[in-house]
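Participant: Each residue of the sequence shown is one higher than the last, beginning at 1 in the UniProt record's numbering.
Don't read these hints as lab results, they were simulated from the structure. Be a bit skeptical, because a hint or two may be false.
Said to hold, decoys possible - Below, computed lysine-lysine pairings styled on DSS-like, alpha-carbon distance capped at 30 angstroms:
1. 469 - 394
2. 362 - 477
3. 150 - 194
4. 477 - 462
5. 387 - 276
6. 123 - 89
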Amino acid sequence: MSYRQLTSEEEKTEEKVFSSWEAFQMQMQETSEFVNTQTPLQLSQLEAAFQRLQKEATTQYELATTGKFLDPHQSPVMILADMKMIREKFFALQSKLHEVSHCREAITGEPYNLRFLQDMISKMDLRQELWKYVEVTTHTIKDWNQILFKKMNFKKALEKISVWQSAALRLTSLLPRGDQVLEAWIRQVEEFSKHLPVLCQLSHDALQERHWQTIFLGMNVPYNPNAQLTVADLLSFNLADHADLINRVYLSALTENNVTSRLDTIISFWQERHFKLAKYIPDSLYNKEQPKRSTSSNARIKKLERYRQERAAAQAGSQRGLDVSSDDFYVLIEVEELKYHLEDSRITLDSMLASPHVNDVKSQVEFWCQALREIEEITDLWFDCQKKWQYLVKIFEQPILYQTLSEHAFKFESVHNKFKDWMRVSSSDSKCMSVINRRRGEKGYRLLQGDNLRVLLQSLIKDQEEILKDLGGYIEKCRATFHRLYFLSNDEIFEMLAVSRNPPALLPFVRLCFPHVENLTFSLPTAMGGLNSQLDISLNSDKLEVACITGSLGEELPLYTKVEPGASAPKWLHNINQVLKNTLTIALKACVQARLEEGTKHPVLVLEELAKLSHSHPKPAQEEITHEIKSIFRQWLLRFPAQSVLTAEAILWERSMSRSLDKKDKEELKNQKLLLHAKLDQLTRVLVEFQSVTEMTETDQQRLNLLISALLTQSIYYRDIMSNLIETNQVTDSAFDWLKILKLRMDIRNVLRAKTVVTEKPPEDSIRSRTVRKNPTTKRKRELRVQEAPKLARTQTTVTNDYQFSTCYAQQLNQVFTYDYEYLGPYNQLVITPLTERVFLSMGQALKSFHCSALIGPNGTGKTETIHELGKLLGRCLFTITCHNTVTLPVMLQYLTGLVQSGCWAVFDDCDRLTKGLMSVVGQQLDYLRTALRALAMTSENQYQIRGNSHFDKVFAMKSGIGDKVIRRNSLTTLHPLPKPETEFVPILERQKTVPHGFNEKGLVTYFEDTWVAERDQRRHSIEREIKIQESELYKSNKPPPLFYEHVKASRRRSQPDYSKLTSEPSYVHRMLGNVMFNGKLLQASCNFGCFMTMNATSAASSEIPYSFRILMRPCAIIVPDVEYIVSVHLESNGYEKHSLWAKKLVLFFKQLESQIWRQKKHLTGLQQMKQVLKLAVGSKLKSLSTEKLDGEEGNKEELSIVFAVKELMSTAAESESERAIFNNILRQIFPQATGQQTSSTGQEQQLIAAVAEIFDEDGMECNELMLSKV
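Start from the sequences and build out the full structure, keeping to the hints where you can.
Facilitator: Below you can see the structure in the form of structure tokens.
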């Protein structure tokens, strides 16, 4: 550190600073001495001033709260003036005290305690407020007493009194008890308020002059109506003593006034109320462009002229037809709201009439009661007539129906014109009061009102009901023609009848009656030449014939004969039904025959044809491809309908199994199982390899895929049955595990088919039966020529091996069910589990005893699907009817009538939703049907039925055990009586093309390709087209010439048959049990009657089913099925190799989802959702096979397809982020490889993978793809 010497200026400055500091210290010392000497003096002065001011303030407070201020007799005005002066002085003292307190706080730091001032001020304020209330109350009550009573506003008076009373309650709690001023004020308020209720009653507007007279008379006071009474005048009459009298008069006046006011409200409402009308457009005009209407006078003239013409035609009784396009129609709407107001007003008026206070307005109330009754009655008649008119106008506006039902149409035209007149009148004046009775000359009078309108509407309703009754009979005739129309509504039937002459327009109704038919192929008759263009078809739509039907996925089935058009739509539908079932009968027999001839090579042949298809046309047009596919296939698996293929497989499997079980050869059964395994492998190969055939259309690929999957599912079921029989060592046809299975059978016999050639031309006069073919312009003619017997001619016969088939039937235990040959189209085969077999057994027992089978179980267990599967196995048409609480008894009876006659089945889904009363009545009807049908079934088991059926369907319990076949005596196929020969009409006799040599009673005659008719009335052997030739049994005494055996073809192998043409003869017969009286009608009961119901076990309504309904059903409980087995079979049938593994993983995945995420959403993890996932997974897998989209091994492709389907369908159900995280975590744990491969590798993921690999290297571990995918 260094120091220097100060300069002269710095020394001067330093001296000044020191001198200033010494002067400041001296001043501070003097100040301190002054404060110490003056502080005690000032404090003593402040204390004296505070005591003085406090005393003066206390004195002013005592003046304001004592003395005259507590005397209630003082004048409130003077008291308030003195109070004001005292308060001014007090507040001046208060300000001075605050100044003194501030000074003391400045000196000592602590102010004076001035809280006593606030207590004094609050008490002074309460006293001042009390005197203010006293002043206001005194002046107000004085004014009220002096005011005229009529001008007094008692409502405001009551409000003020209530305010004063609430203030009195508040002041009572704040002022000292016994304050005389407060008590006097309260007494003053109560003294006036006790008269207020009576005064309010007297001031009510309901009191009339007669009421005042009654009151004054009761008080013994003369009443002067012109006197101007004040409130004080009325109070002078001691109203409190007459309060009861005034109250009675007041209540009576109030009631009378209420009656009058409500009546006025009703009158004003209905005088202005209008009927709400809306313009009605008939159905035939919806799709047409409405013409622009002219508003000129010419249009009005035309309208009036048309009205005059209609009136003249109605009077003359001529039929003009319905012209709905040129008229305006108006209909009544919002009827429920109108009836609600009518009912409400009528109840009000009825209560008025019951009141004793209605005397003055009684006549008015009675008039309006009658008027509203008339309005309600006419409204009901109008709306009823309108509903029937709307229904009938939909029918008769169709020209075809108008012509067909001309008699009813003429009657309805009269109703239509009269109702149209009423529409014109109501639209011009739509007030509700315009429809009641009025006298001529009275305001509002018109012709159509009151009694005249009522009579008109009643007559219209009567005519409409007669027309509807006749139409109901016509509809019943239509339904009797084709019984499936019972499942259609009346509106749908009339829509169908309106287009009867246009077969293409009947396609929607074909789809309703035949659920599995999607389209029809029409063609013009061959007699019309080459007219096949679209224009020709449009111009001749009424002549189109049905040549082919199309099912789902474009499956086409050519009919064995074309269905000709006709004028009757029900008859046309009946013909389609018969032709279609006969076509299915022929197709099934041909399919079985083809399957027998091809053996087990059909999967290989399918691949060969697909290979030829893929190499034959490399790049043709799409139309040529489709035509080529439909024309070149000769393999039975591709040619026949999927239904026939599946049924043929079931028949032949049962045939082979029966042979093995009859022999009780376990080794043979094992060999059949090995063959079935080989067949499964071949079908799986076909399923995989045909995806590469690009020449097939998408629908053909889907149909073939569906067929092969169904065959695989069917074969897997058969494999499981065989495994069960082998494992349990039940290799016998009497084993219960074999008998309980529903098996399809067909009686197949090897026969010889004889074809004859005449070597010597027979004479022209030989016996023949010729039939003239029907042409479009002439009717069918029949002739019968009986001439001399021809000469004997030598012929040569060619005999070949062939098959003879019976009709298909199903057997379960000792029960036999006929196969109904209903077209079902391609369909998915249901996976049959032991639970399904048990349900089939229960439903089979119910069917045979004509019970209603009821499946009971929770949602998602497959109740309806199981019934549908049984219907498919038996070839039955099945309708699903969804039940709800709006279903009525006539609708249920209509359905039951259709079930009895048509032979179709019906499923009443969720029948527990029906009302209790309906269930009880339906139960009685079902009980009656069950009893009647069982009685008919027992009586129909006669010798003719037994001898007319195949012997394989007769199974009895013999000594050898259940299931032994009982062979009938040797006989030909059927026994039936011959028709008597008639002179005018001869029935058509079908040709028998393969009849062998035979004799008749007149001599030796040999017939070939002609019908043999014996002229006798007794029964004979009828020979079918194909028979087994055994001369020793057929011919007794006379033998025909020997056959030329050198022409017999010994080769068993024949050329490949062409199954594209169905040329066999029809053989379908709908068997009826007999006649039964049901619902007042005599009906023909079908043997195929089947009624089913489903009920939800978890529904609360299921516990409330009536006992009478419950005991008539044959219940079967359905539990949760074996989901893992179903999933495994489904995957296996679609070509999945590791089907068991994926089934376990998928079921585990859904269980994890249900337990961790969707506990309340079990429908997301049920069997239905799992089937959706499987469907999408199969589609993804097949698409990958055709496009090679998914790389990797087969197992990876299968897993990827399942994961893809799960993500597509299930990930969207996860709503929150936490649910999505849990979903992805479960999916990653169960399907680790697929989820790892599907994640895309971004840049950040590549860095992560590199970092993980580096850590693995540092730890000396191997880094492979599996470890990375887990990380």
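Participant: Within 30 angstroms, alpha carbon to alpha carbon, are residue 477 and residue 462?
Facilitator: holds (23 angstroms)
Participant: Between residue 123 and residue 89, does the CA-CA distance stay at or below 30 angstroms?
Facilitator: Holds, at roughly 16 angstroms.
Participant: Just to be careful, I want the Cα atoms of residue 362 and residue 477 compared with a cutoff of 30 angstroms; is the pair within it?
Facilitator: Between residue 362 and residue 477 the Cα gap is close to 58 angstroms, so the pair fails against 30 angstroms, i.e. violated.
Participant: Sort out whether residue 394 lies within 30 angstroms of residue 469, counting only the CA atoms.
Facilitator: Given pair residue 469, residue 394 holds - Cα atoms ~16 angstroms apart, limit 30 angstroms.
Participant: Checking one constraint from the list: CA of residue 387 to CA of residue 276, max 30 angstroms. Satisfied?
Facilitator: holds (16 angstroms)
Participant: Holds or violated: residue 150 and residue 194, Cα atoms, limit 30 angstroms.
Facilitator: Judged against 30 angstroms, a Cα distance of about 19 angstroms means the pair holds.
Hint violations for this structure: number 2 only, all remaining hints satisfied.
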